[in-house]
Structure formats: structure tokens, C-alpha cells
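Novice: Sequence:
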Amino acid sequence: MEIVGRSSEIDKLKLCLRSDKPELVAMTGRRRVGKTFLVRNIYKSEIKFEISGINNGSKQDQILNFINACQYYKLGDIPKSNSWIDIFHHFSILLDQQNNDNKYVLFFDELPWLATARSGFLSAFANFWNTWASRQNIVVVICGSATSWIIKHVINNKGGLHNRITHHINIRPFTLSETQLFFIHKNINLSSYQLTQLYMVFGGIPMYLEYISKDNSIPENMQQTIFDKTAPLLHEYNNLYAALYNNHEDYTKIIKALSQSNKGLSREQIVTKTKIANGGTLTKIINDLIFSDFVDKHNSYGKKAKNATYKLKDFFSLFYHRFVEDRKPDPSYNFSHIMNTPAYYVFQGYAYENVCYHHVTKIKEALGIAAVATEVSSYQSKANEVVPGTQIDLIIERADNCLHIIEVKFSNAPYAITKKYAAELGLKETVFRNNTGYKHQIFYTMITSHGLIDNKYSKEIINQSLMIDKIM
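According to the numbering used here, the residues represented by the sequence shown are 8 to 479, in order.
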């Protein structure tokens, strides 16, 4: 299958192959995002050895897997041993015996699974790199879905791997435009609205998108991939976090708590809802989820970082907790039961806000301010004796003393600004100025799915109107 997008990542991988020095590449990114697919396709002719760690495998399981991989790639036999130092010593001897005139690749996939606790794998791997591989015409790629583990134990390693990584490549989920390109390559032609409907459930995760069929409607695709008894993603959520984290139950407690809040949660609110102690363990879990693209940290306008809120970034996890986790026991229960419900419309509105938040760069381009320095934030305030409370989900503050309040609406038809809504927007600006003291120009920017109906309220209050296709 042809690779879609990933142009900068492909360039880096090819650069490593052309360079005149050994390369140690760390590739990170959440599960299902396409890391292994990318390495195998770019280096398909150069990979001389590949191994993938075994989830929850013992040290002996991992060693046997390594020995078998050497045989599979016809490198030769490694004597059985319980020492990774010994294994890598014999591995380097086998590689020396190969006819390697051109630069070649060794691929260690799911390294966190290989490096079981107290196994000595990581120190042995560091020794292998320092004493042998770093003097060869070689590219060594290490890969892992547990991004925080790779960052802590490899990229920020204080021992033998300190400063040894030559390139760190982080694979992110597809953007809307990359998702559109993905479907075009699959000969699936979707409108911007349809594409966004799918994106708000599956995100830009290639493996999930691969299940979408051109022969099915959007509801049929949703039904067959998530709700059917044999749906490929029916049990994906439970497997996703369990494969990444020890004590994954605490991770999913936070994911579930965030899925129930459209405004996001502060650290203190997370503690209250999950009963996880407010300490180092909580910090580690939150950071792990941020590094792996499951959670976002949102800065509040005019406040310090400690006042940040956390929001669920992973679209599939959000959809799962809203509509799949507590699915009715009725065997006939399917996507058609939820697709026209108020709960699903609320979900789409919130998910579309998240889509826009993660495409701020495209929004700036569409507004013609791509070259202007900006800060992105959100804003919440409680009512006081002077003004009511308000919430602004997306603010783009410009260095040229202007600010955009971004309003996002997802609907199946052009959106009409009513007298009531126009008054709410006016009050929102008044409250924001009163509470923050902001004295410069404020623009109201509306991002919709089908555009705005041209009426006196839209003319009076909206400065810029964008549709989905402008942020793709």
C-alpha cells in the first residue's frame, strides 16, 4: 500500500540511509498510528533484521524470540543464553559475517516490551551500540508505542545511551487533509462534512481508517467497524491501554473522567473524580497520556500553567465512553439507535471543537495570519456580582494586538445566528474584557460545517467565517 503523507518523516528516514555515519533512530507515536508500516515500507530493501517485543513476555520469551528472528533473517544461530550481553555479542559476530557492502537497517520494534524489568536488555543494547554498531555502516531503528518510556529510558537516558540518538521521529495521527488523501488513495470520495464525521470518531489513526469501506454509508461503516458482534474495533479500547501501560486501570480512570467533561478538568478535579492520589504517580500518568497523544493540556488565558485544564484528545476513546462502553444488552442495539439523538449531536459539537483546536495552524493560514506570532488558549470564568460566567473554547491571541474568539458549530445545514445567540456572543466578549482587562481589538471567527446563513446578526457580530474545507 502506498504511503500517505508523512513527507517530513520519510525525508528523515531516507536521510539516515544516505548519511556517511551510523544512525540510531528513535521512533515514537501512539499505537495504531503506522510506525511499523512506515519503517517497513521505507526500508523494505535494507532491513537485514527485525524483531518486535512480546507484550507481557518474560525475559526468556524475548530472548527466544530474538534467537528465532536471527534464524528467520538467515543470520545464523545464536547459542542459548540468559544474558542479553551474551546474546548481543553473538549477534554482532553474525552481522560481521554478512556481506554488507551497502548501508543496512536493524529494526527493534516495541522496544519497551523487549526491555523487561531487571532483564539487563537496555544496558546490553547500549553496549552493543557503543562497542559495535556505532562503528558500522548501519541504521538502527528503535520503536515503541509507549512514548514516555522511550523518552525517559532512551532519549533522556543518563547511562550508556546518553546523547546517542541521532534522530527522534514522532509519528502523529493524520490531519484532516492527510485523512482525505488516505481515502482518495482507497478510492473513497467523501465530502468534507462526511470526512469530518468519520474523523470525529476514528481520529487520524490509519489502522482505524483502514476499516472504512467505499461500499458503505457513514452509518453502515460505523456499525460494521464498532457495533457489530464481530466488529474489528469493538474491543479495541480495552486492548489499547492495556498494551501500553502497567496498571492501565488508573490510566483509563482518567480517560473516562475526561470523556465526561466538555470543559476539561483541572488536576484537582481529576483527583476528585478518579480518587487517584495527587502526587508523583498522577503526574506520571498524565504525562504518559499527553506524550502518547491521548490527552491535551490546555492553557487558560492569562493564567499560570498550574491552572491548566486537561482534555481528552483521542476521538475514539471519547466516542467509546459516550456510546459503546455502556451499550445496551439488546442484541439489536446499533449505531442507528444513537445517530439522531441529542446525545450524539452534543458529542459531535464537542468533537468538532477538538478537531478545530488541533488544526489551529490551518485556521491561521485560512485567516491570513500564519506568519504572525500567536498564543492559543481557552477561557473559563465563574459568575460574580458584576458579570455572569462564560466559556471560550478557543482563543488565538496575536502579537499585533488582536485576538480571535473562535466559535465552532457543527450541523448538517448552514448555521443561522439568532438574535439570542448574537446577544450571548456580545455578552461573552463583555465578560472576557471585564475579567481580563483586554483592551485591544477582538474578532469573532466562526467555523462551521456548512457555512453561515447571511442575516443581520451574522453581519453585525461575525468578522470571519470558515468552513471545514478551509482547515483541511
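A hint or two may mislead.
[As the list claims (entries may be wrong)] Under the rule of at most 27 angstroms between Cα atoms (straight-line distance), these lysine-lysine pairs were calculated in the DSS-like manner:
(1) 304 with 263
(2) 310 with 427
(3) 263 with 282
(4) 165 with 282
(5) 304 with 260
(6) 159 with 291
(7) 165 with 193
(8) 260 with 371
(9) 304 with 270
(10) 221 with 159
(11) 427 with 369
(12) 81 with 55
(13) 159 with 263
(14) 263 with 311
(15) 66 with 371
(16) 310 with 221
(17) 446 with 466
(18) 66 with 55
(19) 19 with 51
(20) 55 with 28
(21) 81 with 66
(22) 282 with 51
(23) 427 with 463
(24) 304 with 466
(25) 435 with 477
(26) 55 with 19
(27) 435 with 446
(28) 263 with 81
(29) 371 with 435
(30) 270 with 310
(31) 416 with 435
(32) 280 with 263
In short, the hints are calculated from the structure, not lab data.
Novice: Work down the list of hints and note, for each, if the structure agrees.
Specialist: Evaluation of the provided hints:
1. This hinted pair checks out: residue 304 and residue 263 have alpha carbons roughly 16 angstroms apart, not beyond 27 angstroms.
2. For the suggested pair residue 310 and residue 427, the alpha carbons sit about 30 angstroms apart, so the restraint of at most 27 angstroms is broken.
3. The hinted pair formed by residue 263 and residue 282 meets the criterion: a straight-line CA distance of about 13 angstroms does not exceed 27 angstroms.
4. With a C-alpha separation of about 33 angstroms, the suggested pair residue 165 and residue 282 falls outside the 27 angstroms cut-off, and the hint is violated.
5. Distance check on the hinted pair: residue 304 and residue 260 sit about 17 angstroms apart at the alpha-carbon level, within 27 angstroms; holds.
6. This hinted pair checks out: residue 159 and residue 291 have alpha carbons roughly 11 angstroms apart, not beyond 27 angstroms.
7. With a C-alpha separation of about 45 angstroms, the suggested pair residue 165 and residue 193 falls outside the 27 angstroms cut-off, and the hint is violated.
8. Only pairs whose Cα atoms come within 27 angstroms are accepted, and residue 260 paired with residue 371 is rejected, the gap being roughly 35 angstroms.
9. Our distance criterion of 27 angstroms between C-alpha atoms is met by residue 304 and residue 270, whose separation comes to about 12 angstroms.
10. For the hint linking residue 221 to residue 159, the alpha-carbon distance of about 42 angstroms lies beyond 27 angstroms, and the restraint is violated.
11. Only pairs whose Cα atoms come within 27 angstroms are accepted, and residue 427 paired with residue 369 is rejected, the gap being roughly 30 angstroms.
12. Restraint check: the Cα-Cα separation between residue 81 and residue 55 comes to about 9 angstroms, which is no more than 27 angstroms; the hinted pair holds.
13. About 26 angstroms separates the Cα atoms of residue 159 and residue 263, which keeps this hinted pair within 27 angstroms; it holds.
14. Using a Cα cut-off of 27 angstroms, the hinted pair residue 263 and residue 311 holds, with the two alpha carbons roughly 26 angstroms apart.
15. A C-alpha spacing of about 50 angstroms is found between residue 66 and residue 371, which places the hinted pair above 27 angstroms, so the restraint is violated.
16. For the given pair, residue 310 sits about 47 angstroms from residue 221 by alpha-carbon distance, which is inconsistent with the 27 angstroms threshold.
17. Restraint check for residue 446 and residue 466: satisfied, since their Cα atoms lie roughly 23 angstroms apart, inside the 27 angstroms limit.
18. With a CA separation close to 23 angstroms, the supplied pair residue 66 and residue 55 stays within the 27 angstroms bound.
19. A C-alpha spacing of about 16 angstroms is found between residue 19 and residue 51, which places the hinted pair at or below 27 angstroms, so the restraint holds.
20. For the suggested pair residue 55 and residue 28, the alpha carbons sit about 18 angstroms apart, so the restraint of at most 27 angstroms is met.
21. For the hint linking residue 81 to residue 66, the alpha-carbon distance of about 23 angstroms falls within 27 angstroms, and the restraint holds.
22. Taking the CA atoms of residue 282 and residue 51, the gap is near 48 angstroms; set against the 27 angstroms cutoff, the hint is violated.
23. As the CA atoms of residue 427 and residue 463 are separated by approximately 13 angstroms, the hinted pair is consistent with the 27 angstroms bound.
24. Our distance criterion of 27 angstroms between C-alpha atoms is broken by residue 304 and residue 466, whose separation comes to about 34 angstroms.
25. Note on residue 435 and residue 477: the hinted pairing holds, with a Cα-Cα distance of about 25 angstroms set against a maximum of 27 angstroms.
26. About 20 angstroms separates the Cα atoms of residue 55 and residue 19, which keeps this hinted pair within 27 angstroms; it holds.
27. Proximity of residue 435 to residue 446 is assessed by CA-CA distance (about 15 angstroms); at most 27 angstroms being required, the pair is judged to hold.
28. For the proposed pair residue 263 and residue 81, the alpha carbon gap of about 47 angstroms is over 27 angstroms, so the pair is violated.
29. A distance of roughly 22 angstroms separates the Cα atoms of residue 371 and residue 435; the hinted pair therefore holds under the 27 angstroms criterion.
30. Restraint check: the Cα-Cα separation between residue 270 and residue 310 comes to about 16 angstroms, which is no more than 27 angstroms; the hinted pair holds.
31. Restraint check for residue 416 and residue 435: satisfied, since their Cα atoms lie roughly 16 angstroms apart, inside the 27 angstroms limit.
32. Taken as a hint, the residue 280 and residue 263 pair is honoured in the structure, with Cα atoms around 10 angstroms apart against an allowance of 27 angstroms.
Going through the hint list in order, the structure does not satisfy hints 2, 4, 7, 8, 10, 11, 15, 16, 22, 24, 28.
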